[in-house]
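Peer 1: Sequences listed follow chains A and B, in order.
With the working numbering, letter number 243 in the first sequence gets 1372, and the count goes up by one each step, no holes.
With the working numbering, letter number 131 in the second sequence gets 332, and the count goes up by one each step, no holes.
The hints are simulated quantities; they were obtained by calculation from the structure and are not laboratory data.
No experiment lies behind these values; they were computed from the predicted model shown.
Watch out, some of these pointers could steer you wrong.
[What the hints assert, rightly or not] Using C-beta positions, here's what the derived DEER-type ranges look like: (1) B:T358 to A:K1164: 43 to 49 Å; (2) A:P1328 to B:R357: 50 to 56 Å; (3) A:F1194 to B:S242: 41 to 47 Å.
[What the hints assert, rightly or not] Result set (SDA-like, lysine to any residue): computed pairs, CA atoms no more than 20 Å apart in a straight line: (4) B:K216 to A:D1275; (5) A:K1209 to B:T222; (6) A:K1384 to B:N343; (7) B:K216 to A:Q1292; (8) A:K1471 to B:G292; (9) A:K1471 to B:E321; (10) A:K1211 to B:N343; (11) A:K1271 to B:T345; (12) A:K1271 to B:L209; (13) B:K277 to A:Y1264; (14) A:K1209 to B:Y220; (15) A:K1211 to B:R223; (16) B:K218 to A:Q1292.
Glycine included, C-beta positions come from ideal geometry on N, C-alpha and C.
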Amino acid sequence: MADLTSHPDEIKIVSSRFGKGAADIEQYLKLDGYKAVQKALTMTPDNIINEVKTSNLRGRGGAGFPTGMKWSFVPKDTAKAKYILVNGDESEPGTCKDRPILEHDPHAVIEGVIIAGLAVGAKIGFVYIRGEYRYLVDIMRKALADAYAKGFLGKNIFGSGKQFDCYWHTGAGAYEVGEESALMESLEGKRGVPRIRPPFPAVVGLWGGPTVINNVETLASVPHIILMGGQKFADFGPPKNGGTRLFCLSGHINKPGVYELPLGYPLKKMIYDVGGGIPNGRKLKAVVPGGSSTFVLTAEEAEQMNMDFDSFGKRGEFLGSGGVVILDDQTCMVKFALRVMKFYQHESCGWCIPCREGTDWLKKTLTRFHNGGGLRKDIDNIKYLAQGILGRSFCPLGDAAAIPTISIVDKWRDEFEMHLGGRPCPFDPAAKITELPVVGAH
Amino acid sequence: MIPVSDKLDQFFTEKMKEYPTRRSFLVPMLLYSQDEVGYLSDEVIAYLAKKTDLTELEVRNVISYYSLLHTKPMGKYHIQVCTNISCMLRGGEEILEHCKKRLGIGHKQTTADGTFSLEEVECIGACSWAPALQVNYDFHENLTPEKTDKVLEQYRTKTG
Chain A
1130 MADLTSHPDE
1140 IKIVSSRFGK
1150 GAADIEQYLK
1160 LDGYKAVQKA
1170 LTMTPDNIIN
1180 EVKTSNLRGR
1190 GGAGFPTGMK
1200 WSFVPKDTAK
1210 AKYILVNGDE
1220 SEPGTCKDRP
1230 ILEHDPHAVI
1240 EGVIIAGLAV
1250 GAKIGFVYIR
1260 GEYRYLVDIM
1270 RKALADAYAK
1280 GFLGKNIFGS
1290 GKQFDCYWHT
1300 GAGAYEVGEE
1310 SALMESLEGK
1320 RGVPRIRPPF
1330 PAVVGLWGGP
1340 TVINNVETLA
1350 SVPHIILMGG
1360 QKFADFGPPK
1370 NGGTRLFCLS
1380 GHINKPGVYE
1390 LPLGYPLKKM
1400 IYDVGGGIPN
1410 GRKLKAVVPG
1420 GSSTFVLTAE
1430 EAEQMNMDFD
1440 SFGKRGEFLG
1450 SGGVVILDDQ
1460 TCMVKFALRV
1470 MKFYQHESCG
1480 WCIPCREGTD
1490 WLKKTLTRFH
1500 NGGGLRKDID
1510 NIKYLAQGIL
1520 GRSFCPLGDA
1530 AAIPTISIVD
1540 KWRDEFEMHL
1550 GGRPCPFDPA
1560 AKITELPVVG
1570 AH
Chain B
202 MIPVSDKLDQ
212 FFTEKMKEYP
222 TRRSFLVPML
232 LYSQDEVGYL
242 SDEVIAYLAK
252 KTDLTELEVR
262 NVISYYSLLH
272 TKPMGKYHIQ
282 VCTNISCMLR
292 GGEEILEHCK
302 KRLGIGHKQT
312 TADGTFSLEE
322 VECIGACSWA
332 PALQVNYDFH
342 ENLTPEKTDK
352 VLEQYRTKTG
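Chain A extracted, bound-state conformation (with noise of 0.2 Å):
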């Protein structure tokens, strides 16, 4: 099934227990589980904080804030309770990461949220894991019930005096909860709008507590931090951008599969060698580097690129969840765009005007323009649409939604101007034309 795959240039560190049998905490503990939390339980809450931050962990969400810097926001002195939630929504499309950290090693989760508990002065944490994953929320449930039972979590953590309490919670389908404030309004038992900022989560989060919210890549790694020591995990990657980071390669891809890499790794060598390049004897055409809500890069960009966050930052562009799709020569873009829109749409939370009504307004115009109903002057009109939702909306989807249709619109205008005129996509030949242009069409 979720079967899994290896290459020599990996570098296994969050995935270095897969297909270890860790899940089961006998396991684990045999392979090192729990001695990271020991080891800072002995260490003061500024001294973790500085090991995460000397590292260099961004998120591996998709937004790749410093962790460290996340962690040190939370207010030393408060009488609200505070939290760790870990954010287990993975629904990014492209991205299926997270999933087998859950699967293969759900304690390395369990113990980054103890340790960030004992980082930030958090005695609760919540594991939020997606409706779908429902084998992945029983895994996580045993895991935590093994883990009270040795005393890991409860009232006295190993023997320590501290207090942490960790519990399982689960969604029941919803990309926009992966968002990080609608994820809180979907745990508190609400519909999964987002919430203004500022204040963040980590001065006004859960119940208006304090709350650090992370990625479970995110978390699975800190215990290596501990335990190996910041600087160490800093140096897999180039400065500022520490570590490894497990991408996904789909699409058109001979080798597709999970696979650790280091920060910075290129992707060319990312496409042809890990991936085994494209099959079928076709060319690269595009790429989605990480996740459908980043800037989709032409093969030229794509083989010039490392793969890490700065990389991107310096042209505006977005590292994402790891999730890197390949397209070949034989993709419509056009289909690709009305797809990627169509999941916006559906997924829209529907709070805010530009996002809800831009996107719905895209997917009906792609359509008719994928369906033949083209017109030149919908080309243009598609970029100003999605132009009008960036930066505009209430949460990151509505920019999430703009950027990749902004991108295949620049890059990608000649396929789009092959669709004009009543003809059918060039790329599908059993495409039938199902509209006409009509002057004066939206």
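Since chain A is already given, all that's left is putting chain B on it; use the hints.
Peer 2: Frame of chain A; chain B shown alone:
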């Protein structure tokens, strides 16, 4: 007379204690109630509204947001075929069409005997093992039309 089993009701009561507000565990309770009862009936909604001290309208308001929650019965085996980007690039749309033909139903429809229902869904997190579908919560990955037939047969023969 509650519409879920006593065991499930007890489980909910215990889990609710982990949260500072009564409504916090609502979304999981909706999903687990649906798993047991088959769908979110009026009785289930009334039961959960009472349990969380919310109005039925507030509970329905939450239900309408989440795509796994249904207020009418689906088939015994709900087939969810992903057609998002990684699956689309590897034939996910063809798998969906294949299921429609084989089962004789379309998106969000149920077979007459109630065995199967079908839904086109968004990314289920199987991108590197695409194309993929879920039957209820079970993942079926690296699909071809032939493998899809075997999956459907596997569930068809379960009902005897």
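Peer 1: If a hint holds in the structure, say so; if it doesn't, say that too.
Peer 2: Now for the hints, and whether the structure bears them out:
1. B:T358 to A:K1164: 43 to 49 Å: Holds: the Cβ-Cβ distance is about 48 Å, inside 43 to 49 Å.
2. A:P1328 to B:R357: 50 to 56 Å: The hint (50 to 56 Å, Cβ to Cβ) holds, given that A:P1328 and B:R357 are roughly 53 Å apart.
3. A:F1194 to B:S242: 41 to 47 Å: holds, 43 Å
4. B:K216 to A:D1275: holds, 17 Å
5. A:K1209 to B:T222: holds, 15 Å
6. A:K1384 to B:N343: holds, 12 Å
7. B:K216 to A:Q1292: The hint holds at about 19 Å.
8. A:K1471 to B:G292: Roughly 17 Å separates the two Cα atoms, so the pair holds.
9. A:K1471 to B:E321: holds, 12 Å
10. A:K1211 to B:N343: violated, 42 Å
11. A:K1271 to B:T345: Violated, at about 34 Å.
12. A:K1271 to B:L209: holds, 18 Å
13. B:K277 to A:Y1264: The given pair, whose Cα atoms are some 18 Å apart, holds under the 20 Å limit.
14. A:K1209 to B:Y220: Since the Cα atoms of A:K1209 and B:Y220 sit roughly 14 Å apart, the hinted pair holds (cutoff 20 Å).
15. A:K1211 to B:R223: holds, 19 Å
16. B:K218 to A:Q1292: Between B:K218 and A:Q1292 the Cα gap is close to 17 Å, so the pair holds against 20 Å.
Taken one by one, the earlier hints fail for this structure at numbers 10, 11, listed in ascending order.
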